[in-house]
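Q: Here the protein sequences come in this chain order: A and B.
Just so we're aligned, residue 1 is where the first sequence starts under our numbering, counting upward by one.
Just so we're aligned, residue 1 is where the second sequence starts under our numbering, counting upward by one.
These are computed hints drawn from the structure, not numbers from a lab.
Hints are not guaranteed to be accurate.
30 angstroms max Cα-Cα, derived DSS-like pairs, lysine-lysine [as the list claims (entries may be wrong)]:
#1 A:Lys167 / B:Lys69
#2 A:Lys458 / B:Lys111
#3 A:Lys458 / B:Lys302
#4 B:Lys78 / A:Lys281
#5 A:Lys223 / B:Lys149
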Amino acid sequence: MKKRALSVILAGVMSLSLLAGCATTTVEDAGEATPDTQTADTAAAETTSESSTESLTGEGDQTIHVFLYMQEHEKTIYQQLIDEFVEEHKDQVKEVVFEVTTQEEYNQKMIANMTAGDMPDVFYVGPAAVRSYVDNGYVLPLDSYVDDATIKSIWGTTQSIYRYDGKNIGSGSLYAFPKDLSCFAFAYNQDLFDEAGLEYPDPENPYTYDEFVEVCKALTKDKDGDGEVDQWGVACADQWGMTPILYSNGVKFLNDDMTKVNVANNPQLTEALTFYTDLTKNGLTPSVEQDTALGGYQRWLDGQVAFYACGTWDVAAFMDDATFPYKWNLCGWPVGPSGDGKSHTWMGSVGYCVSATTEYPDLCAELVAKLSTDADGQRAVSGISTGASIQLPNIVDLAYGEFKDAVNSGKVPYASNVDVIFGYFDGNDHYEAALQETDYTYNSEWFTPFWSGVFNIKNGDISVEDYLKQVEPEMQAALDEAIELQNSATK
Amino acid sequence: MAGNKVKVHRSAMAKREERWAWLFIAPPFIGFMLFMAYPIVFALIASTSKWTGINSLWGNIVGLQNYAKIFADAKFWKSMATTIIYMIGIPIGMILGMLIAMGLKRGIPGKRLLTTMYYVPVVSSLVAVSILWAWVFNYDYGLLNGIYKFLTGAHGPNWLGDEHMVKISLIIFMVWKGLGGTVILYLAGLQNIPRDYYEAAMIDGANGFDKFMNITLPLLSPVTFYVLITSLIGGFQVFVEVQVMTPSGGPNYSSATVVYYLYEKAFTNGQLGYGSAVAVILAIIIFIITAINFWGQDRWVKTID
């Protein structure tokens with residue numbers, strides 16, 4: 001009897017220890033729309049492996065705590081900006097604590113801060129998180145602290161994605177200034193075009209779907225003559241590289257108020273997804289199996305594919321001969337027949353915000369404006385003054401002016417067709433971009449079933465129509481859940 | 001009076017000793033309360049809420065709603081089934097472990113080297129060896145398919161990219177990873193069996209098989225019991241290798257385990273309340289299975305005395 005009782009207690013402790021183990025780790029995506037998955041390998045090498053804290057002192061009595069994640073070489077530049085800021089405000093500032101960590105650790109620490117009610121004064125917020133941060137009273141509206149000219153100097157997109165009126169994103173008070181704006185453009189390997197004797201893509205006039213297929217056919221070949229194709233027209237990661245092709249045919253996955261999934265009876269999506277999956281079925285991309293062996297990113301770096309996605313964060317790696325020993329340039333994603341005739345892609349951003357509980361909102365707002373829009377700071381991060389471009393300038397005039405000049409003169413190593421990216425940022429007759437729909441919903445769980453099953457179509461296991469019918473209920477259920485969680489954030 | 005005096009004196013000392021006792025007990029007790037009891041209670045409460053980490057937990061209590069949803073969630077059941085399928089590796093690992101231990105016990109040359117080799121995977125970082133094995137299993141460039149192609153001239157299976165194959169691949173990995181630990185435990189178990197049992201059996205004319213069935217196997221049963229319990233508990237907690245080798249849970253979610261599902265819900269999709277409920281269910285399942293094991297051990301676990 002005694003032994004049995006002991007058994008039960010032992011069993012209890014063992015299983016409870018599991019529960020405790022599960023409960024003690026708390027991570028939460030702060031909701032940044034920073035698309036970093038694809039370049040995880042290279043990015044991981046560059047990010048700081050350990051967190052660091054610097055403190056800079058002045059003669060005043062105000063102490064502010066800045067908590068961010070960034071890469072080592074970015075940190076040096078921002079450190080200088082903060083030094084300058086302390087110098088400029090030395091009669092007010094007692095100390096600026098500048099804490100930098102990794103993106104992974106950042107999310108955990110922020111949740112801990114929120115749970116403990118002990119927030120830093122300046123931290124990041126992504127477009128996806130603006131709503132819940134505001135609804136829960138974590139961040140301060142900035143419009144009254146920053147002058148209009150400063151706000152107007154940044155990209156239109158970044159002016160609107162951090163606005164929230166209590167109901168919708170895009171209008172109302174401004175809650176953050178962008179650290180950066182990025183987008184997922186398209187790139188081609190010039191050397192492969194030269195070998196095939198093809199004309200380069202026109203940066204001012206993206207291919208149509210049909211033209212794109214023809215070019216890809218000409219670029220798909222068996223180079224070593226062993227009977228197996230070893231160079232393909234294009235490679236796309238279903239999670240990131242599929243949506244620009246679909247968006248460019250006018251596809252939207254959700255209705256306007258983002259409450260209903262619209263995929264089963266969506267002719268534009270059916271058409272675009274057929275086009276997209278046919279690229280693989282017709283052998284113009286590596287097969288599903290080949291893709292599991294080696295992803296498109298590695299194949300692009302290895303010169304095996306002619307077209308590949310190029311996020312603004314990828315440019316530096318592609319410009320580096322050691323990483324990518326080919327000539328390349330930017331172009332637009334192919335345009336479908338049923339859209340608005342423009343090439344579409346998605347953008348991403350993360351912004352600096354000020355804690356609602358800070359003692360020094362004026363000082364924090366000024367610091368945020370400096371980090372985001374200081375001309376010299378932007379010259380440094382964009383490479384105009386440093387020769388190494390970490391990101392594109394946040395200030396529009398600087399981007400079109402000094403930055404483009406520096407690119408054209410070769411001072412900043414960058415793809416010469418940088419106008420493609422500016423076209424996506426700003427929108428024009430041929431280009432248009434928006435945040436992903438998942439950036440506006442509480443989480444992206446509803447989109448996961450969609451992209452993660454597309455390989456079944458490529459494999460020929462299911463038709464596009466059947467697939468869309470099959471996946472819609474699962475997407476809708478996850479979206480309903482996300483809406484419920486979104487509403488639960490509003491007190 | 002004198003007795004009283006003595007009593008008071010003892011009591012003061014006893015009190016002092018008791019204070020010291022409390023002081024000694026305090027560190028593990030406080031540790032348990034802070035890092036076990038509190039999180040357990042917290043997880044239980046969170047499991048009844050729509051807590052997201054950002055919103056308020058207390059303002060979003062929804063009762064047993066999460067549990068009801070989990071039982072209707074196809075992905076939960078799929079990941080549970082996969083978790084249980086992976087446990088096929090447990091008996092395989094136990095049988096292999098016992099055989100290798102018996103082989104090593106015979107004092108073959110290079111025993112130390114072999115023992116070390118078997119044990120290396122156990123002490124290696126799980127993430128590191130998972131990355132390594134992802135390459136071993138790679139469809140085009142992997143070690144296994146390289147050997148396969150060399151031997152047969154044909155292309156080998158898509159170890160991690162095929163819905164069924166991926167489960168087999170992960171079982172192979174888990175058996176490899178756990179084997180060293182099992183071998184060491186069985187080796188220790190074998191060392192504890194007194195020689196005279198075998199001598200007595202030999203005098204009685206028992207052959208090798210008889211000795212194994214009637215002496216070795218029964219007397220190894222405490223080790224077998226320990227390995228079984230820890231493997232079952234570990235089996236329900238499989239996560240890292242799945243996350244590393246098949247990010248996004250494998251083709252059509254075919255390699256995802258319950259803990260992977262829990263992680264995805266809680267930390268990718270910000271449903272910390274729902275994730276806590278999955279953790280509670282998992283804890284209850286593990287509790288029941290472990291309890292059954294302890295209850296049933298009288299039937300088959302033999303000790304020397």
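Q: Each hint needs a verdict: does it hold in this structure or not?
A: Right, here's what the structure says about each hint:
Taking the CA atoms of A:Lys167 and B:Lys69, the gap is near 28 angstroms; set against the 30 angstroms cutoff, the hint holds. For the given pair, A:Lys458 sits about 51 angstroms from B:Lys111 by alpha-carbon distance, which is inconsistent with the 30 angstroms threshold. Simply put, A:Lys458 and B:Lys302 have alpha-carbon atoms about 56 angstroms apart, too far for the 30 angstroms limit, and the pair is violated. Using a Cα cut-off of 30 angstroms, the hinted pair B:Lys78 and A:Lys281 holds, with the two alpha carbons roughly 29 angstroms apart.
A distance of roughly 22 angstroms separates the Cα atoms of A:Lys223 and B:Lys149; the hinted pair therefore holds under the 30 angstroms criterion.
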